[in-house]
Amino acid sequence: MLLSEATSAGGFFNLVPLVVFFPIIGLLLNIILGGRLGEKAIGTIACLASGLAFMVAVLLGISLIGNPEGITVPFLNWIAIGSLQLEWAFQVDTLSVTMMLVVGGVGTLIHIYAVGYMHEDVRHNGDPGRFQRFFVYFNLFIAVMMILVSANNYLMLFVGWEGVGLCSYLLIGFWYEKGKDGIGNAVAGKKAFITNRIGDFGFLIAALLMFKYFQPLAENGVFGFDFETVQELAGLVPAGIIFAITMFMLLGVTGKSAQLPLFVWLPDAMAGPTPVSALIHAATMVTAGVYLVARSYAMYSMVPEAQTWVAVVGGVTALFAATIAVAQFDIKKVLAYSTISQLGFMVAAVGMGAFVAGMFHLVIHAFFKALLFLSAGSVIQGLERGYHQVEHDPMLARKMKHGHQFDPQDMRNMGGLRTRMKTTFWVYLIGAVALAGIFPLAGFWSKDEILAEALHLQPVVYWLLTSAAFFTAFYMGRQILMVFFGQPRSEPAANAQESPAVMTIPLIVLAGVSLLGGALNLPGLHTFTTWLEHTINLEEVGTAVTSVLTKIGLAVAPVKGSMAEGAAEGGFNLTVALLSTGLALGAIALAYYFYYHRVRAMQALPAVRRTDDPLRAVLGPVFTLLENKYYIDELYGAIIIKPYTAIASFLADKVEWVFWHDFFHDKVLSGAFHSLTWLLSKPIDTNVIDGFANGLAEGTQELAALVRRIQSGYVRNYALSMFVGVILIIGYIILRGI
Amino acid sequence: MPVPVEYYLGLASILFILGALGVLIRRNSLIIFMSVELMLNAANLAFVSFARHWQQPSGQIFVFFIMTVAAAEVAVGLALIVTIFKSKASIDVDQMSSLKG
Chain X
1 MLLSEATSAG GFFNLVPLVV FFPIIGLLLN IILGGRLGEK AIGTIACLAS GLAFMVAVLL
61 GISLIGNPEG ITVPFLNWIA IGSLQLEWAF QVDTLSVTMM LVVGGVGTLI HIYAVGYMHE
121 DVRHNGDPGR FQRFFVYFNL FIAVMMILVS ANNYLMLFVG WEGVGLCSYL LIGFWYEKGK
181 DGIGNAVAGK KAFITNRIGD FGFLIAALLM FKYFQPLAEN GVFGFDFETV QELAGLVPAG
241 IIFAITMFML LGVTGKSAQL PLFVWLPDAM AGPTPVSALI HAATMVTAGV YLVARSYAMY
301 SMVPEAQTWV AVVGGVTALF AATIAVAQFD IKKVLAYSTI SQLGFMVAAV GMGAFVAGMF
361 HLVIHAFFKA LLFLSAGSVI QGLERGYHQV EHDPMLARKM KHGHQFDPQD MRNMGGLRTR
421 MKTTFWVYLI GAVALAGIFP LAGFWSKDEI LAEALHLQPV VYWLLTSAAF FTAFYMGRQI
481 LMVFFGQPRS EPAANAQESP AVMTIPLIVL AGVSLLGGAL NLPGLHTFTT WLEHTINLEE
541 VGTAVTSVLT KIGLAVAPVK GSMAEGAAEG GFNLTVALLS TGLALGAIAL AYYFYYHRVR
601 AMQALPAVRR TDDPLRAVLG PVFTLLENKY YIDELYGAII IKPYTAIASF LADKVEWVFW
661 HDFFHDKVLS GAFHSLTWLL SKPIDTNVID GFANGLAEGT QELAALVRRI QSGYVRNYAL
721 SMFVGVILII GYIILRGI
Chain G
739 MPVPVEYYLG LASILFILGA LGVLIRRNSL IIFMSVELML NAANLAFVSF ARHWQQPSGQ
799 IFVFFIMTVA AAEVAVGLAL IVTIFKSKAS IDVDQMSSLK G
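Going down the list, the protein sequences come from chains X and G.
Heads up, the first sequence is in my numbering, so the first residue is 1 and it goes up one at a time.
Heads up, the second sequence is in my numbering, so the first residue is 739 and it goes up one at a time.
Bound-form chain X, shown alone:
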């Protein structure tokens, strides 16, 4: 009863600040008390903080059912400088609440999983004290991500945008003293941060352009970057400017959502603990770019050129990353490239105007990619447990290769885990099949919606995405077969152990939503489309522009409505669905042929003629190219980083050190300083000032020696001088009197 009242009145809307404050309270509690509490208490606080934020999001969602238009909840006046009036206000609408539900829901599950995962991870890495730090960072991430999605203006969004970047940096470098050469993880964190800064630069330029061109048009000349105003005024700004804004924004998107050309940081970000990869680098943070484009749909749908750019960037990234994933051996790297590829799908979708399809895939992808990463974490720890057992068993330890560092993330060390880790196998399988887009799992529905829209809106991108989908199914099939089927390729794999319930239960929940998530937006029902249409309404863009134009008495220009119509028409397309499912099944069959049959056949061969991957034999140099990620890192190293470091070291060694330090500082400055101080100290200080002071003292002494003689000590002398004095005074008085 209370619930329904609140629902009809939208009564829960005012709770929205709590989605940010619950995680902040959680992290403060853990900072202050965490040192004294045990792991259980720290984990409980962090999970509760995230879980309560999720509950608030659920309540907001319930309120939105009654009041789908949503509301803006003002919180405080943030910055007020003349015509810039920024509010810190929370946007509650279907789009932001969708994001809050994903962040809160998936976030909470990953928090729970992380309690189990980090318990072992901190011990495996030898510093149990960092358990507390991990959950402080994790709650901080939830808080800033909530700021990002609940913002009602671009600058507040930017605060969240930077905040999640910071958390990403902190968590990638969580084991900062580990990794390659003892700094590998720190370098990975730095790489992520700097690459993101390039994107943030684009975002900032876009924001500044927005201020320059939107502020004069705004009511009373007061501009607050809020989405609503931008949406209303977008039609009045010249299309060229909107194009520039959207393209700079795209640069920000490519940074945060790991698209070409700024995707290089995401694979390296796998240096962070696995729950971090799941939460930040797969499910939530990296989707911020997609969210940003969806938020700015009014601007994007005005300039088709920008849409094409975004769609092509997304499509090319999707295919590009999917091909790299085929030749990776690190279980998490495969998933990382898969994430880049899937983000490409989303970016392509929101780019071509299929905002709902993009957001739908974002939600579904959050489920199954979190599931895959977490299961991968379970596999890795299963192997670590196996390794631990082998180490302590002399019989087994003898079989291990000596002097060989065991890598629990290398799929070449796995195999046959199906029987050792049953739960993990099944949930992994569900995640993989969902990702491959096989009917009727969630990924099928969301991917096919994008493909159907793409065929309709951007045929080129459609073919890019369809081939990406083929590779997706192939690399997932490869991964499943390499990890879970066949014979164990190492002793730890043969002794791997299943993870505890605190880890497997979140996995089962995520597997459930990955199975059934497609029900959110079934063809014909379009629940999710209807839900989001309250926020993303392409027809309204046209009318808003028209009404503003008529209001100020301008001629009404014909508004481009083709995109709006196109997006509305999309939806399910049987041909597309059949084709993509057929391709996916074909790819899985191909993977089965290579990684089951060929691998088995290979085992009959003598060891020298075996290769680590049957595909290497077929593709040859192409495989090496893919394994080395098209040498993109090397390319960037050669064309950007090398010249950059060369310039930097030239500036540092030659300009800074030789010129400024050795010459200017040591010679010119300090030489001049030395002669000046010599001048001041020798002639001026020693001679003039000291001379004066000493002279004064000596003069006083001489004078005193002179005057001392008067002090004879004879009373009569004193008496005489007194008499003389008296006589003089009297004489003076008498003479004056005359």
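FYI, nobody ran anything at the bench for these hints, they're computed from the structure.
Where a beta carbon is used, it is the ideal one built from N, C-alpha and C, also for glycine.
Incorrect hints may appear among the rest.
[As the list claims (entries may be wrong)] Only part of the chain G face toward chain X is listed, based on derived beta-carbon distances under 8 angstroms:
1) A758
2) L762
3) K824
4) V831
5) D832
6) S835
7) S836
8) L837
[As the list claims (entries may be wrong)] Just the calculated beta-carbon pair ranges, DEER-fashion:
9) Q794(G) / R736(X): 22 to 32 angstroms
10) V820(G) / E698(X): 41 to 51 angstroms
11) S796(G) / R736(X): 19 to 29 angstroms
12) M772(G) / E698(X): 42 to 52 angstroms
Given the coordinates of chain X, assemble chain G onto it according to the supplied hints.
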């Protein structure tokens, strides 16, 4: 026939000069002391003669005050001389020149 005031003043001046010379010249501190008394009494004489001349009693009252102060001064002065004599076994003022610069 009354003695004119100039005579008294003349006597007072002579007494004062004698006292002053005694202070400046003699070395025996008791003598110096007596010379100081002589100067004081010369002043007293001048006071009473003016009082008589101007028929004003205030001059006479001053004299009483001066005699009182002189008595007190003698008490202090003699005590000082006794103390000095105890330490130096002499009352020669030239011996007491330890404040010489």
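A quick look at each hint next to the structure:
1. Restraint check, A758(G) versus chain X: the minimum CB separation of about 6 angstroms is within 8 angstroms; hint holds.
2. The interface hint given for L762(G) is met, as the beta carbon of that residue sits about 5 angstroms from the closest beta carbon of chain X, less than 8 angstroms.
3. Interface restraint check: K824(G) against chain X, minimum CB-CB distance 19 angstroms, threshold 8 angstroms, status violated.
4. Checking V831(G) against chain X by beta carbon gives a least distance of about 5 angstroms; that is within 8 angstroms, so the hint holds.
5. The beta carbon of D832(G) comes within 6 angstroms of a beta carbon in chain X, closer than 8 angstroms, and the hint placing it at the interface holds.
6. The interface hint given for S835(G) holds, since its Cβ lies 3 angstroms from the closest Cβ of chain X, which is under the 8 angstroms cut-off.
7. At its closest, the beta carbon of S836(G) sits 7 angstroms from a beta carbon of chain X; the interface hint therefore holds under the 8 angstroms criterion.
8. At about 5 angstroms, the closest approach between the beta carbon of L837(G) and any beta carbon in chain X falls short of 8 angstroms, and the interface hint on this residue holds.
9. Look at Q794(G) against R736(X): about 26 angstroms separates their beta carbons, and that is inside 22 to 32 angstroms.
10. At roughly 46 angstroms, the beta-carbon separation of V820(G) and E698(X) lies within the given 41 to 51 angstroms, and the hint holds.
11. Our hint of 19 to 29 angstroms for S796(G) and R736(X) holds, since their Cβ atoms are close to 26 angstroms apart.
12. As the Cβ distance of M772(G) to E698(X) is approximately 47 angstroms, the hint placing it in 42 to 52 angstroms holds.
Hint compliance for this structure: hint 3 is the single one not met.
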